[in-house]
Amino acid sequence: MTKRILALCRQAPYGNALAREGLEAVLAAAAMDQVADLLFCGDGVFQLLPEQSPAGIGQKSLQRNLQALPLFGVEQAYVCTKSLAQRGLDLEALSQGQLPLVPVDDSAALIATYDSVLSF
Amino acid sequence: MTKRILALCRQAPYGNALAREGLEAVLAAAAMDQVADLLFCGDGVFQLLPEQSPAGIGQKSLQRNLQALPLFGVEQAYVCTKSLAQRGLDLEALSQGQLPLVPVDDSAALIATYDSVLSF
Amino acid sequence: MSLHIVSKSPFSSTALSDCLDAFAEGDALLLIEDGVYALSGRMSERPAVQPVYCLAADAAARGLQIPDSVTAVDDAGWVALCAEHNPVVSWFK
Amino acid sequence: MSLHIVSKSPFSSTALSDCLDAFAEGDALLLIEDGVYALSGRMSERPAVQPVYCLAADAAARGLQIPDSVTAVDDAGWVALCAEHNPVVSWFK
Amino acid sequence: MKFSLAVYSAPHSSQAAASALRFARALLREGHQLYRVFFYCDGVHNGSSLSAPPQDETDLLAGWQALQQQHQLDLVVCIAAAQRRGVLSDSEASRLEKPAANLAAGFELAGLGQLADAVAQSDRLVTFGG
Amino acid sequence: MKFSLAVYSAPHSSQAAASALRFARALLREGHQLYRVFFYCDGVHNGSSLSAPPQDETDLLAGWQALQQQHQLDLVVCIAAAQRRGVLSDSEASRLEKPAANLAAGFELAGLGQLADAVAQSDRLVTFGG
Chain U
1338 MTKRILALCR QAPYGNALAR EGLEAVLAAA AMDQVADLLF CGDGVFQLLP EQSPAGIGQK
1398 SLQRNLQALP LFGVEQAYVC TKSLAQRGLD LEALSQGQLP LVPVDDSAAL IATYDSVLSF
Chain A
1338 MTKRILALCR QAPYGNALAR EGLEAVLAAA AMDQVADLLF CGDGVFQLLP EQSPAGIGQK
1398 SLQRNLQALP LFGVEQAYVC TKSLAQRGLD LEALSQGQLP LVPVDDSAAL IATYDSVLSF
Chain F
3 MSLHIVSKSP FSSTALSDCL DAFAEGDALL LIEDGVYALS GRMSERPAVQ PVYCLAADAA
63 ARGLQIPDSV TAVDDAGWVA LCAEHNPVVS WFK
Chain S
3 MSLHIVSKSP FSSTALSDCL DAFAEGDALL LIEDGVYALS GRMSERPAVQ PVYCLAADAA
63 ARGLQIPDSV TAVDDAGWVA LCAEHNPVVS WFK
Chain Y
703 MKFSLAVYSA PHSSQAAASA LRFARALLRE GHQLYRVFFY CDGVHNGSSL SAPPQDETDL
763 LAGWQALQQQ HQLDLVVCIA AAQRRGVLSD SEASRLEKPA ANLAAGFELA GLGQLADAVA
823 QSDRLVTFGG
Chain H
703 MKFSLAVYSA PHSSQAAASA LRFARALLRE GHQLYRVFFY CDGVHNGSSL SAPPQDETDL
763 LAGWQALQQQ HQLDLVVCIA AAQRRGVLSD SEASRLEKPA ANLAAGFELA GLGQLADAVA
823 QSDRLVTFGG
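Residue numbers (the working numbering), protein chains in the order written: chain U, 1338 to 1457; chain A, 1338 to 1457; chain F, 3 to 95; chain S, 3 to 95; chain Y, 703 to 832; chain H, 703 to 832.
Some hints could be false.
[To be verified] Computed cross-link-like contacts, DSS-like style, restricted to lysine-lysine with a CA-CA straight-line distance of at most 27 angstroms: (1) 800/H - 800/Y; (2) 800/Y - 1397/U; (3) 1340/U - 800/Y; (4) 704/H - 1340/A; (5) 800/H - 1397/A.
[Stated by the list, open to error] So, partial list: chain H residues that the calculated Cβ filter (under 8 angstroms) puts toward chain S: (6) 703; (7) 724; (8) 725; (9) 798; (10) 823; (11) 826; (12) 827.
Source of the hints: derived by calculation from the structure; they are not laboratory data.
This one's a predicted model, so the numbers in the text were calculated from it and none came from an experiment.
Yeah, the Cβ is synthetic: ideal placement off N, Cα and C, and Gly gets one too.
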């Protein structure tokens, strides 16, 4: 029986390593046929801003990791609408690329449907 | 010419090492005759709660470090009154011991009087 | 029903408020490490959710009293809460 | 006059609000690292203090536009701000 | 019940590393199984053989090693996170042409797949971070 | 003008370590002096010789070492913070009976007094943490 796994992504990219290492864990799990769903909430929604150019701070763009997700069977990602509203962001303003974003109003109900939650 | 140094202590004790390592830095500086003043603000005011008993979590009490300060020439410590109010705390409820606590309403004006500020 | 474990102070982190936004009827909240500062001052009087647990050792470490509205647990009780709930969701930043 | 350097997001840390509580007339604010998220959304329209600077590289890294009310600086400008102000106060948690 | 733990924090920097060890001890005492402890992010420093806390501070490394011996625990340090942070086994040190190795006895380096496997094989995953 | 830096964050965990290196380069480029960089708290990991970031990530250690050589920088790692976290010189490793040393060339271990001295001797102290 395959477990339903949720990766809860709450960190902004670049300031600390958790956003990057979280996505790397999700990619590694998917490569082993343990496909996790992703929920971006809190500052994690900033991972989805378009046109990130971190070369000037000596980092690689996280958007490459995000865009790699569909290649590993992650077909969509959930985004907490309350977190967007708190930050004055619209779902339409985010970078969708190959990864369709699904707005979630009730993250409690979503979380309750999973067997395991990985926090990043 | 001796510099006026302020240690800005903003971290709660025990959850991370910064509260402890900050006090150790202040003690080491004082031992070298570089006496710093201390300003407790934000969650740093929790360092001053009485009756801390961290043996159950495998840590030493930070209050020993605080009480050692006067032996090294640190005669008082400033406490941000706004931070206390945000946390529902009274200055009288804090642990004064050998280290008298001085309430500060205008931390901006206090900070402006120093040559150097060490953040912890 | 989920167990939400919060380990950061509500006065300097949004971990607790983010957690409460994701808290469903039937879930439980456990305060550990600096998360126990939610017991300080005003926040302790009317907990936003029920039930709320806290690690007794973390509250004692920090000199905090545990109000009647919150249930203190030891390490065995912590394990039991994790065994009784699923998923276990950690809020640590 | 102090230079206050804030490196954490105002949406998940109290670093910026704590800093603003300690901000005096004549001081300057520099946003770096995740501190530049203060430029996002509503907070950018009416800065609580003046002057506000931000590191251009950190804003570009995160895909943020710099509003007219905020002055972008490069690394040389960052050094100049530190040289022009004293003390330099870092707000990083 | 079968538990796995994910530990993201270094000892002596965050309390989370000490909390993880206490939780591991408690669940074993309560008769549960500990399938794996996966050390990730800054948690890889828990596997450093070189940490030397003062005598009057808790030695988490000794604590993990004692528990490992007693219960044959699977203490896995993420190899990619450990490389970035300078926690190397003998073979990694020679492969990367580094002057020394510092992975402590009782710990092993392995890939991120071991985290996914732990999630799949365990009834509960509890994360210690921050 | 004479600067000193205090660095509290490990590379590859927080951006602050990379920010400190960029700031150090910029201030030297602008003709200022860098009296000392003091690595404290998790910042001691900047002085680990064993970190091996992937080829396509920034190698902060190489960056600090190059700057040190070019400008004879004083890169001081706090000895107490480093012991707790497992960053040891040869002499510390043998004194503590540890199996290896990992303090990188260009860095030296010294006491917290060097932070106080840096504050006293410099026009500006800039802290990088979080």
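Now the hints, each set against the structure:
Only pairs whose Cα atoms come within 27 angstroms are accepted, and residue 800/H paired with residue 800/Y is accepted, the gap being roughly 17 angstroms. Taking the CA atoms of residue 800/Y and residue 1397/U, the gap is near 25 angstroms; set against the 27 angstroms cutoff, the hint holds. As the CA atoms of residue 1340/U and residue 800/Y are separated by approximately 40 angstroms, the hinted pair breaks the 27 angstroms bound. Distance hint between residue 704/H and residue 1340/A is fulfilled; the C-alpha atoms sit about 14 angstroms from each other, no more than 27 angstroms.
The hinted pair formed by residue 800/H and residue 1397/A meets the criterion: a straight-line CA distance of about 25 angstroms does not exceed 27 angstroms. Interface restraint check: residue 703/H against chain S, minimum CB-CB distance 5 angstroms, threshold 8 angstroms, status holds. Given the 8 angstroms rule on beta carbons, the hint for residue 724/H holds: about 6 angstroms separates it from the nearest Cβ of chain S. Checking residue 725/H against chain S: minimum C-beta separation of about 6 angstroms stays under 8 angstroms; hint holds.
Because the smallest distance between the Cβ of residue 798/H and any Cβ of chain S comes to about 30 angstroms, over 8 angstroms, the interface hint for this residue is violated. Against a cut-off of 8 angstroms between C-beta atoms, the interface hint on residue 823/H is violated, since the closest Cβ of chain S lies about 15 angstroms away. With a cut of 8 angstroms, the hint placing residue 826/H at the interface with chain S holds, because the nearest CB-to-CB distance is about 6 angstroms. Among the interface hints, the one on residue 827/H holds; its C-beta lies about 7 angstroms from the nearest C-beta in chain S, closer than the 8 angstroms criterion.
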